Amino acid sequence: MSFEGYYHVLCKNGHLFTWDVYDSKSPFSLGPWDDSNEKNWKCRSCEEPMTWWELIDCTNDNGDPTELKIKTPPVQGYNCTECKHKCTSVNATYYIPKERGHLMT
Numbered sequence: 001m002s003f004e005g006y007y008h009v010l011c012k013n014g015h016l017f018t019w020d021v022y023d024s025k026s027p028f029s030l031g032p033w034d035d036s037n038e039k040n041w042k043c044r045s046c047e048e049p050m051t052w053w054e055l056i057d058c059t060n061d062n063g064d065p066t067e068l069k070i071k072t073p074p075v076q077g078y079n080c081t082e083c084k085h086k087c088t089s090v091n092a093t094y095y096i097p098k099e100r101g102h103l104m105t
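Under the numbering used here, the first residue of the sequence shown is numbered 1, with each subsequent residue one higher.
Simulated from the structure, these hints should not be mistaken for lab results.
These figures come from a predicted structure and were not determined experimentally.
It is possible that some hints are incorrect.
List time: in silico DSS-like cross-link candidates among lysine-lysine, alpha-carbon distance up to 27 Å [as the list claims (entries may be wrong)]: (1) K71 x K12; (2) K12 x K25; (3) K42 x K25; (4) K69 x K42; (5) K12 x K69; (6) K42 x K71; (7) K71 x K98; (8) K42 x K12; (9) K42 x K98; (10) K12 x K98; (11) K69 x K98.
With the hints as constraints, model all of the structure from the sequences given.
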């Protein structure tokens, strides 16, 4: 049986990122969370450090991700010329959950 799942990761400001467990570009695949690997654990939106993560196991079902509470909603800003859809110019931010997941200190 193979493992299926993904990571939810929040930066200090609450920007959300999702990586498949097998994504070779995720910070989890690029090395440990420590000073030697700091650049891989920075937010791509604001450059703040990642501060919270959880692993959602989807091997036998859809998993049980934490329901994240929105701090600031996304702002739909412009019509993208590449994909022809209305794209987000400001990403949503979320509160860091304290009851589930893993805080990175």
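Right, here's what the structure says about each hint:
1. Straight-line distance between C-alpha atoms of K71 and K12 comes to about 12 Å, which keeps the hinted pair within the 27 Å bound.
2. As the CA atoms of K12 and K25 are separated by approximately 20 Å, the hinted pair is consistent with the 27 Å bound.
3. Simply put, K42 and K25 have alpha-carbon atoms about 13 Å apart, close enough for the 27 Å limit, and the pair holds.
4. The suggested pairing of K69 with K42 holds, with an alpha-carbon distance near 22 Å, which does not exceed 27 Å.
5. Of the pairs offered as hints, the one joining K12 and K69 holds, with about 15 Å between alpha carbons and a cut-off of 27 Å not exceeded.
6. Pair hint K42 plus K71 holds up; C-alpha atoms about 20 Å apart against a cutoff of 27 Å.
7. Among the hinted pairs, K71 with K98 is consistent with the structure: their alpha-carbon atoms are about 15 Å apart, no more than 27 Å.
8. In summary, the hint linking K42 to K12 is supported, as the alpha carbons are separated by about 9 Å, within the 27 Å threshold.
9. With a C-alpha separation of about 20 Å, the suggested pairing of K42 with K98 holds against the 27 Å cut-off.
10. Pair hint K12 plus K98 holds up; C-alpha atoms about 13 Å apart against a cutoff of 27 Å.
11. For the proposed pair K69 and K98, the alpha carbon gap of about 12 Å is at most 27 Å, so the pair holds.
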